[in-house]
Amino acid sequence: ASLLPIPPMLLRVLRVLRIMRILRLLKHKEAKALRDLITTMVLSLPSLTNVSLILLLATFIYAILGVNLFTFVVHQDSITSERNFESLPSAALLLFQCLTGDGWSSIMADAMVDESSGLCSAAEGNCGSSAAVPYFLSFQMLGTFVLLNLIVAVILENFTSVGHVAPELASPADAE
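So the sequence shown is residues 1 to 176, counted in UniProt numbering.
Check each hint, because a few of them may be wrong.
[To be verified] Cut-off 20 Å, straight-line C-alpha distance, at most; resulting in silico cross-link-like pairs (SDA-like, lysine to any residue):
{"id": "1", "residue 1": "K27", "residue 2": "L43"}
{"id": "2", "residue 1": "K32", "residue 2": "E157"}
{"id": "3", "residue 1": "K29", "residue 2": "N126"}
{"id": "4", "residue 1": "K29", "residue 2": "S44"}
{"id": "5", "residue 1": "K27", "residue 2": "L156"}
{"id": "6", "residue 1": "K29", "residue 2": "F159"}
{"id": "7", "residue 1": "K32", "residue 2": "I19"}
{"id": "8", "residue 1": "K27", "residue 2": "T49"}
{"id": "9", "residue 1": "K32", "residue 2": "V162"}
{"id": "10", "residue 1": "K27", "residue 2": "L17"}
{"id": "11", "residue 1": "K32", "residue 2": "Y135"}
{"id": "12", "residue 1": "K27", "residue 2": "I38"}
{"id": "13", "residue 1": "K32", "residue 2": "S161"}
{"id": "14", "residue 1": "K27", "residue 2": "L11"}
{"id": "15", "residue 1": "K27", "residue 2": "V16"}
{"id": "16", "residue 1": "K27", "residue 2": "T39"}
{"id": "17", "residue 1": "K27", "residue 2": "G163"}
{"id": "18", "residue 1": "K27", "residue 2": "T40"}
{"id": "19", "residue 1": "K32", "residue 2": "S121"}
{"id": "20", "residue 1": "K29", "residue 2": "I155"}
{"id": "21", "residue 1": "K32", "residue 2": "G163"}
{"id": "22", "residue 1": "K32", "residue 2": "L137"}
{"id": "23", "residue 1": "K29", "residue 2": "T40"}
{"id": "24", "residue 1": "K32", "residue 2": "S44"}
{"id": "25", "residue 1": "K27", "residue 2": "I6"}
{"id": "26", "residue 1": "K32", "residue 2": "I22"}
{"id": "27", "residue 1": "K27", "residue 2": "R12"}
{"id": "28", "residue 1": "K29", "residue 2": "T39"}
{"id": "29", "residue 1": "K32", "residue 2": "V16"}
{"id": "30", "residue 1": "K32", "residue 2": "S138"}
{"id": "31", "residue 1": "K32", "residue 2": "N158"}
{"id": "32", "residue 1": "K27", "residue 2": "L10"}
Worth flagging that the hints you see were computed from the coordinates, not collected in a lab.
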C-alpha cells in the first residue's frame with residue numbers, strides 16, 4: 001500500500017511541471033547557447049526523420065537477408081538464444097547492436113562458424129556461411145559509416161544555419 005494518500009499519477013504530473021520550470025530558463029539572455037541547441041534539434045527533426053527511415057529500411061532489408069542466411073546457425077557467444085537471426089525482430093535487434101559497434105566482429109565470426117570448429121555439423125545444417133563477411137562488412141559500411149554519419153551531418157548543418165542567425169556562436173578565429 002501507499003504511504004502517501006496522493007495518487008501516483010498526480011505525482012507524475014507534478015514531476016513534469018517541475019521539468020517545465022527549465023523552459024523558463026530559456027528566456028534569460030545567458031541561456032542563448034541552450035536555446036540555439038534546442039533550435040538546432042527542432043530544425044533537424046524533419047531531416048532526421050528521413051535519415052532514420054532510410055536507416056530503418058536498410059536495417060529491415062539486412063534483417064530479412066540475415067534471417068534467410070543465418071537462421072539455423074548454432075548459438076555461441078555472440079549469437080545466442082536471445083540475439084539471433086531466427087526471427088525478424090531478433091535479427092533487427094542484433095543488427096542494431098552491430099550499428100552501435102558493440103561486438104559486430106564477434107557476431108560475424110559466430111555467423112561464419114564451420115565444421116572445423118567442432119561447434120556445428122553440416123549434416124544438421126547449423127553451420128554458418130562464408131557470406132557473413134560481405135554481409136556484415138557491407139552493413140557496417142552502409143549503416144555506421146554512411147547513415148549514422150549522415151545523422152551527424154544533418155545536425156551540424158542545422159547548427160551551422162542557426163550559427164548564421166547568431167554569429168557570436170562561432171568566429172573566424174575558431175576555424176583556425
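Here is what the structure says about each hint:
{"no.": "1", "hint": "K27 to L43", "in the structure": "19 Å, holds"}
{"no.": "2", "hint": "K32 to E157", "in the structure": "19 Å, holds"}
{"no.": "3", "hint": "K29 to N126", "in the structure": "64 Å, violated"}
{"no.": "4", "hint": "K29 to S44", "in the structure": "23 Å, violated"}
{"no.": "5", "hint": "K27 to L156", "in the structure": "24 Å, violated"}
{"no.": "6", "hint": "K29 to F159", "in the structure": "19 Å, holds"}
{"no.": "7", "hint": "K32 to I19", "in the structure": "19 Å, holds"}
{"no.": "8", "hint": "K27 to T49", "in the structure": "28 Å, violated"}
{"no.": "9", "hint": "K32 to V162", "in the structure": "11 Å, holds"}
{"no.": "10", "hint": "K27 to L17", "in the structure": "17 Å, holds"}
{"no.": "11", "hint": "K32 to Y135", "in the structure": "46 Å, violated"}
{"no.": "12", "hint": "K27 to I38", "in the structure": "13 Å, holds"}
{"no.": "13", "hint": "K32 to S161", "in the structure": "15 Å, holds"}
{"no.": "14", "hint": "K27 to L11", "in the structure": "27 Å, violated"}
{"no.": "15", "hint": "K27 to V16", "in the structure": "19 Å, holds"}
{"no.": "16", "hint": "K27 to T39", "in the structure": "13 Å, holds"}
{"no.": "17", "hint": "K27 to G163", "in the structure": "19 Å, holds"}
{"no.": "18", "hint": "K27 to T40", "in the structure": "17 Å, holds"}
{"no.": "19", "hint": "K32 to S121", "in the structure": "63 Å, violated"}
{"no.": "20", "hint": "K29 to I155", "in the structure": "24 Å, violated"}
{"no.": "21", "hint": "K32 to G163", "in the structure": "12 Å, holds"}
{"no.": "22", "hint": "K32 to L137", "in the structure": "43 Å, violated"}
{"no.": "23", "hint": "K29 to T40", "in the structure": "18 Å, holds"}
{"no.": "24", "hint": "K32 to S44", "in the structure": "18 Å, holds"}
{"no.": "25", "hint": "K27 to I6", "in the structure": "33 Å, violated"}
{"no.": "26", "hint": "K32 to I22", "in the structure": "13 Å, holds"}
{"no.": "27", "hint": "K27 to R12", "in the structure": "25 Å, violated"}
{"no.": "28", "hint": "K29 to T39", "in the structure": "15 Å, holds"}
{"no.": "29", "hint": "K32 to V16", "in the structure": "23 Å, violated"}
{"no.": "30", "hint": "K32 to S138", "in the structure": "42 Å, violated"}
{"no.": "31", "hint": "K32 to N158", "in the structure": "16 Å, holds"}
{"no.": "32", "hint": "K27 to L10", "in the structure": "28 Å, violated"}
Violated hints for the displayed structure, listed by number in ascending order: 3, 4, 5, 8, 11, 14, 19, 20, 22, 25, 27, 29, 30, 32.
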